[in-house]
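Single-letter residue listing:
Protein chains: 2
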Amino acid sequence: MNITEGKEALRDLQAKMSAYEHAMTSIFYDGSTVAPKGTAANRGQSLSILSEEQYKLTTGEETVKLLELLDANKAELDDFEKRQVELLIKSIRDMQKIPMEEFVEYQRLLVEADDVWHTAKENSDFALFLPVLEKMFETHIRFAGYIAPEKKPYDYWLGEYEEGLTTEICDKFFGQVRSRLVPLIAKVKNANQVSNDILHGDFAPESQEKLAYYLMETMGLDLDHVGLSTTEHPFTTSLGSHFDERITTHYYTEDFSFSMFSVIHEGGHALYDTGSRDEFAYTVLDGGVSMGIHESQSRFYENILGRSRGFTSFVFPKIQELYPQLKNYTADDFYRAVNRVEPSLIRTEADEVTYCLHVMIRYELEKRVMAGELKVKDLPNEWNRLYKEYLGVDVPNDKLGVLQDSHWSGGNIGYFPSYALGSAYGAQFLKKMKETIDVDALTAKGDFAPINEWNKENIWQYGSFYKPNEILEKVLGEPFDPSVYLDYLEDKVKSVYGV
Amino acid sequence: MNITEGKEALRDLQAKMSAYEHAMTSIFYDGSTVAPKGTAANRGQSLSILSEEQYKLTTGEETVKLLELLDANKAELDDFEKRQVELLIKSIRDMQKIPMEEFVEYQRLLVEADDVWHTAKENSDFALFLPVLEKMFETHIRFAGYIAPEKKPYDYWLGEYEEGLTTEICDKFFGQVRSRLVPLIAKVKNANQVSNDILHGDFAPESQEKLAYYLMETMGLDLDHVGLSTTEHPFTTSLGSHFDERITTHYYTEDFSFSMFSVIHEGGHALYDTGSRDEFAYTVLDGGVSMGIHESQSRFYENILGRSRGFTSFVFPKIQELYPQLKNYTADDFYRAVNRVEPSLIRTEADEVTYCLHVMIRYELEKRVMAGELKVKDLPNEWNRLYKEYLGVDVPNDKLGVLQDSHWSGGNIGYFPSYALGSAYGAQFLKKMKETIDVDALTAKGDFAPINEWNKENIWQYGSFYKPNEILEKVLGEPFDPSVYLDYLEDKVKSVYGV
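Residue numbers (my numbering), protein chains in the order written: chain G, 1 to 499; chain Z, 500 to 998.
These are calculated hints, taken from the structure and not from any lab test.
Just so you know, not all the hints are guaranteed correct.
Unchecked claim - Where chain G lies over chain Z, by a calculated footprint (3+ residues, C-beta under 8 Å):
{"no.": "1", "stretch": "537 to 544"}
{"no.": "2", "stretch": "721 to 735"}
{"no.": "3", "stretch": "804 to 813"}
Predicted model only: the values in this text are computed from it and were never measured.
Built from N, CA and C at the ideal position, the CB exists for glycine as well.
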């Protein structure tokens, strides 16, 4: 095989990998959205076979030889191909170190865990979830040992979601965050609380769905290529390439704001993915590079734009049109309600200020379980203890506690810190963006086009081409600095509470 | 490889084939139900790659050798394995005769055709559909030539849907049907027409959905394993095995009966598929054996049971509960309305009596195009001419004419005759069933359990183990006789029109 043939084989390989990914994601997505509830084992059967085929394709001799050839002839590759080869070699080396039966077994575990978690959460039954959760942590520790025996297992997984991230960096980051958030939250506690009555009532899901599509269009999502479905827990996924993106939400009749901000959050993920260069489709460069950068976009749209004074004023008349019972409220009431700071139980419903503490709790628990310092069976007690210590709230049951998130059942151990990091990246992106764009004026008009253009130009178009730290350097031109985010949060508190 | 290993490899092969089938069906199903409208090409990309993998698996040397080994040692196989080997050898021999590129190209055509047909139907634009429809017929002729050059191309495809079916058999069957239906329809024309006003009005889709689930439960479908979605054109499909079955419907606000009978029809398919023995899952024996037997079940539930006097009386109070505007109608009004005989434009909305003429028109057109006697571009004119000749109706546009069905865009040329044949099988099954079961009394109570048991015992459990003619012989104990069906239709007309 010569280099020209090698380049073609590289494209074909990635197209094939994308097709398997598409197939498996489609089966998963179906399972989360519309599948009848007794069908999880059936999906597990097919997914375990498909993942075996995927494993063989990815780690097979033909693939390994191809990548060796290309790696040995790097000089003849263009920059995109170089990065493709780099990413592929990494993932293949990782995968090769996991015995195939264990890889396949893990795919089956993912389906089972998703299924069991749904029932366990519904019934607030941690004991039901315990065996699969133990298996999940145990598998993550074991796989990390295969792939990167020189690292702490948790460091390996942190790096999977954010290249280069370690517990050391996280400890430092969260330490800095905590040192300024704790006094900030104390300040709010002593101020007059704002009302969020406006968010609570009886809100027909049909109107929430209309609002969701309105928000998607306002944000500039291309509805020909981005779909919306409902699931227990909102998420975003690509099917095959960024040409088919799906976001999901959940309508609670008692609070329309949950779905509203979920849609904007997931919409931010979808903007990032669908903003990849078209030529990246069906290659490993397609879609966002890391969960940290991903969350910097989703939480940027959700909070920095979505909960801004400008955007809340812009969108409130539409909300009143859909829910006439809100006619006596003002846009300012709405702005204050969606920015009310209050320690609470559920991460996805938390305000911007206390949010990072929810993440910290998960980070600390994962870190300790992965290090063997905490038993999985003791997670509920520790969860509840930390919620009391950090947030001052009593957790009444595991449904509202340790069972609330889908990340562990979804095999995403090490993901949580990305939410906090991403929030902090986003604030620093905002500062940079404001040097050339009047973000406040644009959101007040619901005009996202120039903002999206800036993000596409600087971040989205590159998909996974640049590493996370390269993106940060390139965009910011200065080191990552969490204090920008903490300044932003203090400003927000001032504008809502006047303290 | 010894026989024991061969048997295990046979199971593994079929499990793998089921997984590919699951993957591709899942992508298709997503495309028909919830995918954003600009994503067809993206699905085509993945499906063409997956079908290439499927092709390689099915026709690969390893598979061929395995089946040769098993075929040479038939004596050591059990009956189920024998039939599996027989079916696999047939499908592999067929597939091997199609060049892989053409097989893959065809998968891509299927996605394109589905997409183009939707738009063409929406805009009543046959010209838009013409190029892909030409390609579809041309491909079917070419593939039949590869696989069975000794047969007429149309005969090959008829046999694909109903083993052993030929144009000769169809011509005879439709001749017999026509000779009694034409005078029957003339009789109705001279009688006093019954009203179907009851079916027309403003029927909220939400209540139609409630009715759909009520019907599914009443029919005895296991909602843990059978899902319901909405699509342009109702269909039924299995995902991976009979453990996950999906039916779809379409809600027209102006007529609730369309969705109602679609659900019962598709529910009949689903009962058949999900009634397969569990041990057949992930083998080629899983699910119904032929489209003729499939339609015998779907149309049995839809018409013979669903439109019976007993069942219409049973279900009408529920319909009145969902649609209080019907409170002044009687169950008898409802019975007569859903059995009103009237030549019309749309096959899926046709009454039982004129239905077979809709099928005949499609049969004749397919037969002539496949024989090169009619050009694809002339289909609209011929369609309209035959509707005038057989049914006496004027087709106002192609949306209500030649573009109405999804079969051609779905690659199902040769399928239509199964609807008529299946209807006739169903009437003969009813006659047999009535020897031991009081069908009328049961449907009047909405008690489907003994009927389902009879069908499961006699038909469903066998999946694809018995050939269609073997099923007929085994169940009926006498030759297939369309006159039973024609007697049934005459009785129905008498009970509704008194003539």
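The stretch 804 to 813 of chain Z covered by chain G? Criterion: 3 or more residues, Cβ-Cβ distance below 8 Å.
violated (count 0)
Stated coverage of the stretch 537 to 544 of chain Z by chain G [criterion: 3+ residues, CB within 8 Å]
holds (count 6)
In terms of beta carbon proximity below 8 Å, does the stretch 721 to 735 of chain Z have 3 or more residues touching chain G?
It holds: at least three residues are needed, and the stretch 721 to 735 of chain Z offers 7 whose Cβ sits within less than 8 Å of chain G.
Violated hints amount to a single one, hint 3; each of the other numbered hints is respected by the structure.
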